[in-house]
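K.L.:
Take these sequences, add in the hints, and give me the full structure.
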Amino acid sequence: MADITIPPKDSFRLSMLIYDTRYRSLTIQVVFMFLLMAGATWLVNNTIYNLHVLGKDFSYSFLWSRAGYDINQRFIAYNSDSTHGRAMLVGLLNTLFIAFISCVAATVLGVIAGVLRLSKNWVVAKLMAIYVESFRNIPLLIWILVIFAVMTEAAPAPNAFRGANPSAHMWFFDTIAVTNRGVYFPEPLFFRSLGNIDLGIFLVSTDLLAIIAVMVLSILGYKRLQRSAETVQNATGIRPVTWWKSALILIAPIVILLVALGFHLGYPELKGFNFRGGVHARNSLIALWVALSVYTGAFIAEIVRAGIQAISRGQTEAALALGLKPGQTTNLVVLPQALRVIIPPMISEYLNITKNTSLAIAVGYMDLRATLGGITLNQTGRELEAMLLMMGIYLAISLIISSVMNFYNRSVKLKER
Amino acid sequence: MKKSVILGMAGAACLAAGMATAGTLDEVKQRGELNCGVTTGLAGFAAPDANGVWQGFDVDYCRAVAAAVLGDPTKVKFVPTTGQTRFTALASGEVDMLARNTTWTFSRDVDLKFTFVAINYYDGQGFMVPKALGVSSAKELDGATVCIQTGTTTELNLADYFKANNMKYDPVPIETNAEGQQQFLAGACDVYTTDRSGLAATRATFAKPDDYVVLPEVISKEPLGPLVRQGDDQWADVVRWVANSLVEAEDLGITSANIEELSKGTNNPEINRILGTDGGLGKMLGLDDAWAKRAIAANGNYGEIFAANLGESTPIGLARGLNALWTHGGLQYSPPFR
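As they're listed, the protein sequences go chains D and L.
All residue numbers in the first sequence are consecutive under this note's numbering, ending with 563.
All residue numbers in the second sequence are consecutive under this note's numbering, ending with 559.
There may be inaccurate statements among the hints.
[Said to hold, decoys possible] Under the rule of at most 25 Å between Cα atoms (straight-line distance), these lysine to aspartate or glutamate pairs were calculated in the DMTMM-like manner: (1) D:202 to L:332; (2) D:417 to L:432; (3) L:352 to D:299; (4) L:384 to D:299; (5) D:417 to L:332.
No lab work stands behind these hints, which were simulated from the structure alone.
Note that the structure is a prediction, hence the values are computed from the model and not measured.
P.N.:
Have a look at this one:
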């Protein structure tokens, strides 16, 4: 083996950047990066140049000027004298609210539909299949418009509730009014309210804080009771009777607090043109909520079904063979493993819901898109600024949701030791 | 990720891109078609008829400009815009002019960088309610639900009016007039508010117009007119003087019926100048001498356009009122053609 060829020590040649596999991928990446940066530079330059040609500057000072328009649904104090920035905040809270209640409802609907689709009952399984296939195969916007149109056209006007012989009646012992302007629910009120805490940007109800604090303490007390019962059970083999203690700990403090605050319900009443009092859930909110929930619920149902079916039948059979009850099999064996499959695609669905809330414009729900990206943009003419800010906010919301969900995903995923 | 950044930036740049260096007049001539921004549909002002041909007061302004510049009133591409999209469409160059009952305000003129070239309709904001409601004045509307088009001056006037009168209301934001009409007829709002001309036009399309009444209060000044981008004075002059020629034609008694005869030459030098029999004006504008003749011949003079689309013989039935000629006690007045 004397003729081992020693590779010629060639000096580096430029052509090697293309023909030598050691350098080629690097070359491509560098060229691509340059093109990308050139493209970005061109876009930014083009924007700056054209803004200059139009005689426009780039400034967010409009956020501090008077908005001048009213918003119907608001969680914080706002009127037409407030600033555009505050209008944006009102819209943002509306977006977060609709996204949150839609995520909750879609999850509940989706889990139920997904589990039922695997039911051995043929009718139930087929009904769920029809639900899934019809809702996820028709565009969301159409569902929103259909539900909104039904609410507007089919429900009675507030006028129909008037007079000695009204043509429409309130539901549930005259507590809920369904009108073509939305649904009016009773609202919780307190005779001896503790007032509000002013946080500068918005007010926080002390009553609500007190209720939350008492409930958290009750639950902590309940957990403690359970733990001590377990200790007794482990030591003596007999579990002490705790149900009445649990009931007392969970219910008594909150009831006492509510009585102390003078809790009562404010019922909606027809006064003037509309119902007054109570909580007013507008048609736009209801249409958007229902449509987002049932539409996304159909996707979630499929994710849940896929998750359950991913667990091999052998696991269920083994659990049953060990003597676990069917409920225990589901809770202790199937679900913990199915969750690992379910959660990653669920993150996408939650993100989808959040972004799809921007379809609110179709029914006039005053979300971030309608305030900052709609009226504010239009009244101030700050298209570029408003759009960039809105994109940034949606991006931030989505990244926060996805990081929270990823954190949860890490906590339930298979821990390999 | 990188791709989405590019797309995002492209989207942002699109708003400002599309501005050409050539003048709008040359661009329109070269294209052979005028892009005119109109409403998505408001009977009498701009709406497609049964054959899909756009008809209306604002539409006739687009046609007059097309006739003056291109020699053919049909060479117009109508771009329907909502209250929200109209300014972006004009600023980005998607349309050459807006004739979309748009109110001339300080901030739109100065801050949004537009040039309002004329006031073709003096309007004011009003309220329409069903007669069954038993309301006779806007002052009785405390607590009412109000349908309101977003992105308009009416939205701001509404907030100011209710605030000034210490009344509350529940706004139902809507995007287009058609949507507002549907909501109002379904009873989802008690009141529909917009410019009074718009209310009359909308009411005329109802199945039972007599069941609805426009309240007497006029809560704002709404001078409506065509507008163009700021900074192209030549184009602004073209649109401005086409609009003026229509008013001047009514003033001078030039109608679509007698225009051919008058253009052969009269002993009134003003008529001769505007119709181009005595040349010169067209060249100053960058057009030929018969520009105003074509503009007027397209749909007639201001009075004819008004009568055909909005006047008392149409279902909309608006009186001339403030929009009569200055010689008849109105505000329509054209600077002299000389």
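K.L.:
Give a verdict on every hint.
P.N.:
A quick look at each hint next to the structure:
1. D:202 to L:332: This hinted pair holds, its Cα atoms lying about 8 Å apart.
2. D:417 to L:432: OK: residue 417 of chain D and residue 432 of chain L at ~23 Å, within 25 Å.
3. L:352 to D:299: 20 Å, holds
4. L:384 to D:299: This hinted pair is violated, its Cα atoms lying about 31 Å apart.
5. D:417 to L:332: With Cα atoms ~43 Å apart, residue 417 of chain D and residue 332 of chain L exceed 25 Å; violated.
Comparing the model with each earlier hint shows violations of hints 4 and 5; every other hint is respected.
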